Amino acid sequence: AQSVAQPEDQVNVAEGNPLTVKCTYSVSGNPYLFWYVQYPNRGLQFLLKYITGDNLVKGSYGFEAEFNKSQTSFHLKKPSALVSDSALYFCAVRVDGGSQGNLIFGKGTKLSVKP
Amino acid sequence: DSGVTQTPKHLITATGQRVTLRCSPRSGDLSVYWYQQSLDQGLQFLIQYYNGEERAKGNILERFSAQQFPDLHSELNLSSLELGDSALYFCASSMYNSPLHFGNGTRLTVT
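Chains as they are written, first to last, in our numbering: chain U, 1 to 115; chain S, 1 to 111.
These are computed hints drawn from the structure, not numbers from a lab.
One thing to keep in mind: the hints can contain errors.
Unchecked claim - Covered, in the sense of this in silico footprint (three residues per stretch, anywhere, with C-beta under 8 Å from a C-beta of chain S), are these stretches of chain U:
(1) 34-42
(2) 45-56
(3) 88-99
(4) 104-111
Claimed, not checked - Stretch by stretch, here's where chain U covers chain S in the computed footprint (C-beta under 8 Å, at least three residues):
(5) 10-20
(6) 35-45
(7) 92-103
Keep in mind the model is a prediction, meaning the values are calculated, not measured.
From the three backbone atoms N, C-alpha and C, an ideal C-beta is built for every residue, glycine too.
Given only the sequences and the hints, what does the whole structure look like? Please build it.
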């Protein structure tokens with residue numbers, strides 16, 4: 001069965017510093033991996049996805065993610081954090097045989113960026 | 001703005017009651033998904049419709065049902081409500097095999 005784990009409930013970063021939000025996954029076949037962000041009182045917004053190809057995926061708002069098959073990880077990164085990046089971040093994996101909307105989400109990581 | 005509209009924003013009701021949540025998908029999107037977000041269970045996929053037909057089911061209780069109408073809007077019906085059904089219910093839409101666009105959710109409180 002597929003699953004994703006986000007080992008950190010919260011990540012604190014100073015503005016201007018690089019940030020990393022961690023995600024590991026478990027799938028039986030080829031992984032379809034996603035990152036979504038949720039701002040307070042809003043729905044989730046798509047950031048980026050990995051299906052195949054280059055291990056470094058670039059997404060919205062300057063975010064990128066690195067797919068590592070040997071470590072079964074898909075960490076979200078940004079070179080220079082902004083206060084406005086503070087939000088809840090979700091890693092997700094597609095359900096086997098499902099569409100890109102049939103997802104299993106991690107529990108989320110709260111990112112706090114301080115000025 | 002994602003283009004996905006959910007109504008109502010908030011709903012307060014009593015145990016044992018029945019409610020209907022409504023979702024209008026983004027223009028052109030044929031797929032509608034329902035997700036439940038709660039503190040203890042996290043974000044869980046409930047059900048997917050594609051162009052009026054049920055396409056996939058997740059952790060949806062038998063007390064819950066959904067449908068998608070010819071104009072592509074969708075409704076999620078929750079009946080015999082229990083305290084544990086209190087949660088944020090999100091609707092999302094997409095073209096069939098593309099990432100999701102989420103609405104802002106309906107916050108359901110069961111008292």
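Here is how each hint holds up against the structure:
no.: 1; hint: 34-42; verdict: holds (count 4)
no.: 2; hint: 45-56; verdict: holds (count 3)
no.: 3; hint: 88-99; verdict: holds (count 4)
no.: 4; hint: 104-111; verdict: holds (count 5)
no.: 5; hint: 10-20; verdict: violated (count 0)
no.: 6; hint: 35-45; verdict: holds (count 4)
no.: 7; hint: 92-103; verdict: holds (count 10)
The structure does not agree with numbered hint 5 stated previously, though it agrees with all others.
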